[in-house]
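Residue numbers (our numbering), protein chains in the order written: chain A, 10 to 443; chain B, 421 to 726; chain C, 194 to 406.
You can take every hint at face value.
Covered by chain C, per the in silico footprint, the following chain B stretches (three or more residues, Cβ under 8 Å):
#, region
1, 433-443
2, 448-455
Some chain A residues close to chain B (C-beta under 10 Å, calculated; not the full set):
#, residue
3, A205
4, P280
5, E324
Note that these hints are calculated values from the structure, not bench results.
Idealized CB from N, CA, C, for every residue including glycine.
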Amino acid sequence: MTSYLIKGARPLGGDPVDIHITDGRISAIGNSLDATGAEVVEAAGLIALPGLVDLHTHLREPGREDAETVETGSRAAALGGFTAVHAMANTDPVADTAGVVEQVWRLGQEAGLVDVVPVGAVTVGLKGERLAELGAMADSAARVRVFSDDGHCVADPALMRRALEYVKAFDGVVAQHAEEPRLTVGAQMHEGDRSAKLGLTGWPAAAEEAIIARDVLLAEHVGARLHVCHVSTAGSVEILRWAKSRGVQVTAEVTPHHLLLTDACAESYDPVFKVNPPLRTDADVEALRAGLADGTIDAVGTDHAPHAVEDKESEWAQARPGMLGLEQALAVVIETMVEPGRLDWAGVADRMSVRPAAIGRLDGLGIRSQGRPIAPGEPANLVLVDPAARATVDPAALASRSRNSPYAGRELPGRIVATFLRGTATVLDGKATR
Amino acid sequence: MKRHLLEAADLDRDDATLVLDTAAQIDQALAGREVKKLPTLRGRTVVNLFYEDSTRTRISFELAAKRLSADVINFSAKGSSVSKGESLKDTALTLEAMGADAVVVRHSSSGAPHRLANWVRGSVVNAGDGTHEHPTQALLDAYTIRQRLGRVEGVRVAIVGDVLHSRVARSNVGLLHTLGAEVTLVAPPTLLPVGVGSWPAEVSYDLDAVLPKVDVVMMLRVQAERMNASFFPSAREYSRRYGLDARRMGALPDDAIVMHPGPMNRGMEIAAEVADSARSTIVEQVANGVSTRMAVLYLLLGGAPQ
Amino acid sequence: MASSAQPARNAAPSSGDPSPGSVLSAADVARMVDRMAHQLIERAATDADAGDTTAGLANLVLVGIPTRGAPLARRLAARIEAFSGVTVDVATVDITLYRDDLRRRGVRALEPTELPAGGIDDRLVVLVDDVLYSGRSVRAALDALRDLGRPKAVQLAVLVDRGHRELPIRADLVGKNLPTSRTQKVSVRLVETDGVDEVLVTEERVAGRVDEP
Ligand SMILES: [Zn+2]
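Can you make the complete structure from the sequences, with help from the hints?
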């Protein structure tokens, strides 16, 4: 196994040091380390962060390999600085059995670019009718801890309560896609001034907030862990803040696109901006940034959602919701949080690595741990970022099999120079190594 | 004028006035003539691309194009011309290959004409998209108002009914505002969009309070299906609160007119005796549709303005 | 008039100094209109079918081609009435929708088309325009007339003929022949449309009628 000497990187933005990696772990950190035989990575001016962990990735395999595969998605993740991604369950077949989650887990291992951590469906076939075999998935080789019907809300309150309770047995968490379906029938975009003007059916903020309010009360009542996917409204942030102040075991994520973009994007009717939950208003964006800064929102989750060209190059209403996120996630966080001074690099590490790993219970797995500190003895999951470099996003240059990036043509900061997964370079010089 | 007519906002006041003036001149030029045909667009191709059944709008555009001597091709998604499963983009590329100078598109999805405009070189005319806009309807309505009342500026217009789902309402609010009219939207709150407060229009829930203060009342079609989604309790209650019957028509000022974009639900939003009264402009609206659309096609296809 | 080489000094009183390039003054224009009115009366007198001058004039319709042909037609009618006491029908036919150069020149606002109450069937139609150049406007006007009725005969009266015909069309009545080169612009300005009566020949575009083939 190659040994690396990373020279002059700044861990979490601190003073420049050398980091020596051997046998998959960080073997030493210090100045002027002597590491004979190690491959040298010049990292002057680069920020070192723990490998990023995504709680919310759609890899589309099995079922829509034309849009993404575990391998192409893994490569996109590595290029985005990730060392672990949670693969959502809405595949075809749905990841609602031990068999499917193990298949996804194995494909991830074969690709070997990031740890692909399968998410199990809460209900059979995502139908919201009866619980899937959650325990079997937890006990499988895939070791599932995060359960979600993402794409659909677990709308039935009784079923949601049972799910929250049941997963306590194996320290699982239910990740809720908060959307009251009766309030979003035919919904196409955020309901407000712009939906009124554009004649697109509105997706009211209340449809998200009502479910989050209900679920934090349920989680409190049964003493269970709840995770809220892709929080998108100011009201949701308020409810989460209130719930956390009461001691409810609730965590939440925000997507990069909800941190940057607003419903103004819909005015082009270009479905690349169609996503669920929809892009909201400037006020919501501001509340989300504030929530991420103060920790009310625990993590950035990409909701990376690749779609084939024909599913996006269409009328708005016919297009499928979702946008790419893995490769630009860190760039967007730098743009919206770091450069304005709302989050320092330690904060970025916390929201994009430490906390998501903890939510997914990936932080105590020995050599397979994620979201660990940059310290001797820890697994060598690292990302090196050039914060000064800026580049214009070119969808054709993305590693994802799909092209539905909402950032096309936009200049963003932060170039991912290298990514290490347990000591193996998955990205060097900004290029995937395999 | 912009190259496409996708929504009322594509027309500034000068453009909109030019369309109405042009329509008036065309009407005058053709009045009483045996030969209703002009050679203006000889050799140009106008494609009617209709993804939604709308015989009256399609025929109106077809007649408008033919009276200007354009070649007209009707592409109907209902027939065999647009094959099943062919995407809007593929269809657009086909039309492009045929050299369409203008595509008149009717589609059930809001924004479809905007998408089309990205893919074709010719002019795109929105003939109604989903619940978004129907700009030529607004133009013919403004033309009809001007014809009957002599002006649009300062005219008080009530638009009554299912504003939420109405492309006619959206286009009319925009265009009438551009032309200086004062618009009041009248509907049950369930049939007004959440963001209606940002529109350049007053909002009222009370038709009886509005009627004595308007010069024009424009009734929108209300679809009975909305009842099943609880937008209102029953057709009878809707009609009682928001329907225009003879008694309500009596509350209008003396020269006020009654408009309806059609097709009407007689007995629902409008009583038969109102629709057939002298105040009703419904038949004129149909005739004016042809000349207004001729004006639009001429101005969009005639070439770059001087 | 040879004076066209020298800018006329006897410009319309209301307009002060003549514009640069002015070759015909307000007085020149007035003289030309008067002469054309007399010629129309003479022609009416010799209209074999009509019998006498009054009947001949009554059968005449002066059809102005907008923009500036329309006021010219009205002026001719007024002068004919002043000289003969007979009221002559005036009409306008907008040719915009009949032009064959839309693609090249682009759209413009339409002008009114107004015909006499009885139409133009069996009347002697005299098309009136300000400048005769390529002949394309006249061709468009002839096309328009064909859709509007069946006149007994159609003649053409123009204030200025600047040459360079592209079609086999000639004027029956010409106020003034102005030899020009193709690079020049001939602009007729009239009080009704431009606030001043004059004819300009310039190398540049000026406000007024800009004629292109
Ligand atoms: Zn989701």
